[in-house]
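For the sequence shown, our numbering begins at 8 and goes up steadily by one.
Heads up, some of the hints might be wrong.
Ranges of calculated distance between the beta carbons of each label pair, as one might list FRET restraints [unchecked claim]:
no., residue 1, residue 2, range
1, Ser54, Trp111, 35 to 43 Å
2, Asn191, Phe160, 31 to 39 Å
3, Gly116, Glu159, 27 to 35 Å
Calculated directly from the structure, the hints in this document are not laboratory data.
The beta-carbon is built from N, C-alpha and C at its ideal position, and this holds for glycine as well.
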Amino acid sequence: MADNLDPDEVRSLGTGTVYIGAVGATEPADYDETPDDAEWYEVGHLSDAGPRFSFGKSRTPIRSWQSYPDPVRTLAGESINTIAADLLQWNRDNFEYAMGGGDWTDDGGGLYTFEPADASADNEKALIVEGIDGDYGYRFIFRRTEVQSNVEFAFTPTALAPLAITATVLAAPTGLKPWKFQTNDPAFVALGS
């Protein structure tokens, strides 16, 4: 068996950037291209827990009387992928995304009012999540997401009040995959390249 223990491929993605854009926003062509500021905004500081990913795919086992307890085949089931993050910066865009959309009113004199969207309203956004370790970067582009879980925070004198979001990855526009990954890490060079 070949030895594949390579400490040069161990990563600690201790910093990075998260961007939010409209569904269909122009995606960077490769890792060296920066997201366009006109179409993507940076959410700013996250808690030190960083962005957290959950990629899942389930299969439904089909059993026969003769094969029980072993399945004779499996059928495709749900594919639920999520991205969670604690947004530390409270601003118009972050608050609106976390709250599932809504409308802002400028009341004048530095006063602002937010009213949430109806529960049935969609608030779909594209997300870019970048992690960095030294010279290497790793970027996930999620083409359609929506915050579909409860957003919890507390007003206390001894702790921050992050907007803790969990965004669900939705099906992509026709002809595209729900997400893609970009990197400049040579460990990802295709075999035989």
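field: Violations among the numbered hints
entry: Checked against the structure, the only hint that fails is number 1, while the rest are satisfied.
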